[in-house]
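Peer 1: So the chains spell out like this:
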Amino acid sequence: RKEVEQDPGPFNVPEGATVAFNCTYSNSASQSFFWYRQDCRKEPKLLMSVYSSGNEDGRFTAQLNRASQYISLLIRDSKLSDSATYLCAVVGNNRKLIWGLGTSLAVNP
Amino acid sequence: EAQVTQNPRYLITVTGKKLTVTCSQNMNHEYMSWYRQDPGLGLRQIYYSMNVEVTDKGDVPEGYKVSRKEKRNFPLILESPSPNQTSLYFCASSKQGFTGELFFGEGSRLTVL
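Chain order of the listed sequences is G and P. Going by this note's numbering, the first sequence opens with residue -8, and the numbers climb by one from there. Going by this note's numbering, the second sequence opens with residue 39, and the numbers climb by one from there.
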């Protein structure tokens, strides 16, 4: 089993839709969790850190479920500009950042 | 403007010809790291540095070298490039040690023939 797993998608949704991605992690001792966004052939950019209590930034909501060992990203009112690959990253043992392979989102007009 | 700058952005070279990819950050970050990204394999860490003169191997260090003589610079050296080092390379930095919140450079696409 991979340490961090994501559904690769692609998720195809219409503008205005709500879409959610999950990312599962295998190490129950993981401490920190992040969502990054990566546009095609560009650098990853930090979207959100994921806190135990969950956090929200505009249309984006991130949540952590420690019992089931996954984090989620919810995007409301999807925009065309949300089309990208969403990477999750987990700080595991030895403060090492472990990356998922990403979930591809395409928002269609 | 806060940024991580990599050069060159694109490079085609031949097997065995030494090359250096430079990385510089202007945010006074302590932590810097190099990644390579390949289809189906995702981001894999090559080397990282917690501070000046402190470097450590990541997951795929073979064939690479790094140095951290100054806080702002973290060059990646390929002493004898091979075709399996054809990849997209990213430099990243983080303030105050390692937090997981990384700032990435724009990437360097390297092709080794």
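Bear in mind the hints are in silico, worked out from the structure with no lab data behind them. Every residue, glycine too, gets a C-beta built ideally from N, C-alpha and C. Some clues are possibly wrong.
Using C-beta positions, here's what the derived DEER-type ranges look like [said to hold, decoys possible]:
no., chain 1, residue 1, chain 2, residue 2, range
1, P, Q41, G, R50, 24 to 32 Å
2, G, P(-1), P, D97, 18 to 26 Å
3, G, E(-6), P, P99, 36 to 44 Å
4, G, R32, P, D97, 19 to 27 Å
Some chain G residues flagged as far from chain P (calculated, every beta-carbon gap over 10 Å) [said to hold, decoys possible]:
no., residue
5, V10
6, E34
7, L55
8, R57
9, A58
10, D68
11, D73
12, L78
13, W90
14, G93
Peer 1: Indicate, hint by hint, whether the structure satisfies it.
Peer 2: Status of the hints after comparison with the structure:
1. Between Q41 (chain P) and R50 (chain G) the CB atoms are about 26 Å apart, so this pair conforms to the stated range of 24 to 32 Å.
2. About 21 Å separates the C-beta atoms of P(-1) (chain G) and D97 (chain P), a value consistent with the hinted range of 18 to 26 Å.
3. Our hint of 36 to 44 Å for E(-6) (chain G) and P99 (chain P) is violated, since their Cβ atoms are close to 19 Å apart.
4. For R32 (chain G) and D97 (chain P), the hinted distance range of 19 to 27 Å is satisfied, since their beta carbons lie about 22 Å from each other.
5. Annotated as non-interface, V10 (chain G) keeps its C-beta farther than 10 Å from every C-beta of chain P; the closest such distance is 21 Å.
6. The claim that E34 (chain G) is not at the interface with chain P is violated, since a C-beta of that chain comes within 10 Å of its own (minimum 4 Å).
7. Remark: the non-interface label on L55 (chain G) is consistent with the geometry, its nearest Cβ contact in chain P lying 14 Å away (cut-off 10 Å).
8. The beta carbon of R57 (chain G) sits about 17 Å from the closest Cβ of chain P, which is more than 10 Å, so the claim that it is off the interface holds.
9. Look at A58 (chain G): its CB is around 22 Å from the nearest CB on chain P, clear of 10 Å, so calling it non-interface holds up.
10. Distance check for D68 (chain G) against chain P: the nearest CB is about 26 Å away, which clears 10 Å, and the non-interface claim stands.
11. Chain P leaves D73 (chain G) outside its interface by the beta-carbon criterion, the shortest separation being 19 Å against a cut-off of 10 Å.
12. Residue placement check: L78 (chain G) does not keep its beta carbon more than 10 Å from all beta carbons of chain P (closest about 7 Å).
13. A beta-carbon of chain P comes within 10 Å of the beta-carbon of W90 (chain G); the shortest separation is about 4 Å.
14. Not every beta carbon of chain P lies more than 10 Å from that of G93 (chain G), the smallest distance being close to 7 Å; the non-interface claim is violated.
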